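K.L.:
These protein sequence lines are chains C and E, in that order.
Position one of the first sequence corresponds to residue 30 (this note's numbering), numbered consecutively onward.
Position one of the second sequence corresponds to residue 102 (this note's numbering), numbered consecutively onward.
Since the hints were made in silico from the structure, they are not lab data.
Remember, predicted model here, so these are calculated numbers, not experimental data.
Don't take each hint at face value.
Unchecked claim - Far from chain E by the CB rule (all over 12 Å, computed), these chain C residues:
#1 Arg32
#2 Phe41
#3 Ile55
#4 Ser78
#5 Asn140
As the list claims (entries may be wrong) - Only some residues are given here: those of chain C computed to face chain E with a beta carbon under 10 Å:
#6 Thr75
#7 Gln79
#8 Phe82
#9 Ala86
#10 Asp94
#11 Gln98
#12 Ser100
#13 Thr109
Claimed, not checked - Calculated Cβ distances over 12 Å to all of chain E for the following chain C residues:
#14 Leu46
#15 Gly59
#16 Asp60
#17 Asn62
#18 Arg119
#19 Pro130
#20 Glu134
#21 Pro136
#22 Arg137
#23 Ile172
#24 Phe178
Ideal placement from N, C-alpha and C gives every residue a C-beta, glycine not left out.
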Amino acid sequence: MIRENINLGINFIILLLAQVLLFNKINAFGDLNPMVYLLFFIHYPTDRSQTGFITAAFLLGFFIDFLSQGSGAHTLGALTVAFVRPFVIRQAFGSNIVIPPYLQEDPRMLNRWLLIVELILIHHFIYFTVVFWDITHIFSILINSFNTFFMSLILIALLINFYPTKR
Amino acid sequence: MQRILSTLVRFRSFIVYLFFAAVALLLLNNRSFYHASQFDKTRLSLSAWLHLKSTAISDYFDLNRQNEILLMENLALKKLALKANAFPLYDQYYHAKEPFPFELQTARIIKTDLQKQRNFVLINKGHVDGVQSEMGVIGASGIVGIVDQVTTHFSSIISILHLDLKINAQIKNTEVFGSLSWKGTLPKAFQLQDIVTTNPVQLGDTIVTGGRSSYFPMGIPLGVITQVDRPQSEGYYQIDVTLFDNPLQYKYVYLLNNMDFDEIKSLENQPQE
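With the rest of the complex left out, here is chain C:
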């Protein structure tokens, strides 16, 4: 348990620093930055307390905003993804099955990727909605969400393999 918590803490710090120091500075095609810290929401065990998860998500988003001079969009996006994750898991895996504690180890590929895609889409939509904060810019919100979605998805698909599979 303690080892797991330490692992989660290390994961938290690594993702935070990677996002702030590396991925927020990519600016591909002008201003697209992949958000790899969403790995935290995929990796976080499902058998933990939901309130603790939400709190951790808030802290992660808050520190990313704080260190990258963001306004608060990461915070709200991360918070919302953490809140809706149980519903998305049930939606992606079906409501009658046993939810695995570690989602990235689950053998059901289709369901796993469905979950990842949904989490990324929700996060990006919330993120850009907060950034623009104007319903008349809905087209910009959607375009930015989709472009960033593809970059995030590619990087997450690559980096998810670095997590140790046997626990």
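Let chain C serve as the given structure and place chain E on it in line with the hints.
P.N.:
Using the frame of chain C, we list chain E on its own:
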């Protein structure tokens, strides 16, 4: 208490989420000028919307009072309109400036009907309000009737939709006078009688009150001529008139109090020599 607590525990993740979301929005408000101004805009439109809705509701409950105010305003305007209609006509026909002897007051109709051939209307004003028998009653545009019976707080009106009531009327801008009466069918279908066939009468001519009675001043618009028949054997036209307004639709009416009424009445009642 137990239930409240258990509910709080059950929705704890949602409550935690809301709390952190509020904190995040607060940070957003403090850290970004753009978002602060956007929030201000939202706040403004929201408060304007709320204010609009609340005034819409309070306006609704205020309608009665506003109606009273409008009625008072209309009363003053109605008097001016009647004077404006009547003055040129007196000047034109009698070559004299006739004083306008009518005082107006408002009343609300509490019962009206069209079931019978001889209809009556009830209003909510009586002796205490200064209503007397044989006062003229008009609506927004047209005549309603003549006051019949008066009690302390209520009065009955012989409706214009009464077969026995004949209103002195004239064709506008001519010196042709007749009497207008209901045909007993539709509320707007009237006939103009006692007009001799030597007079020129055309379709579409406007009918106004003639002023040759103590009930109504000259020049209140009543309706238009819609059909003219000229029977071979008689010396009078058969003229159909359609009223401008349905007399049943009025909710508020104006009572015309002729200041000279008693004087005229006493003259009429003097024994003939």
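K.L.:
Each of the hints needs a verdict: does it hold here or not?
P.N.:
Hint-by-hint comparison with the structure:
no.	hint	verdict
1	Arg32	holds (26 Å)
2	Phe41	holds (16 Å)
3	Ile55	holds (22 Å)
4	Ser78	violated (9 Å)
5	Asn140	holds (23 Å)
6	Thr75	violated (13 Å)
7	Gln79	holds (4 Å)
8	Phe82	holds (8 Å)
9	Ala86	holds (8 Å)
10	Asp94	holds (8 Å)
11	Gln98	holds (9 Å)
12	Ser100	holds (4 Å)
13	Thr109	holds (8 Å)
14	Leu46	holds (21 Å)
15	Gly59	holds (19 Å)
16	Asp60	holds (16 Å)
17	Asn62	holds (18 Å)
18	Arg119	holds (14 Å)
19	Pro130	holds (18 Å)
20	Glu134	holds (24 Å)
21	Pro136	holds (28 Å)
22	Arg137	holds (25 Å)
23	Ile172	holds (19 Å)
24	Phe178	holds (22 Å)
Of the numbered hints stated above, those contradicted by the structure are hints 4 and 6, listed in ascending order.
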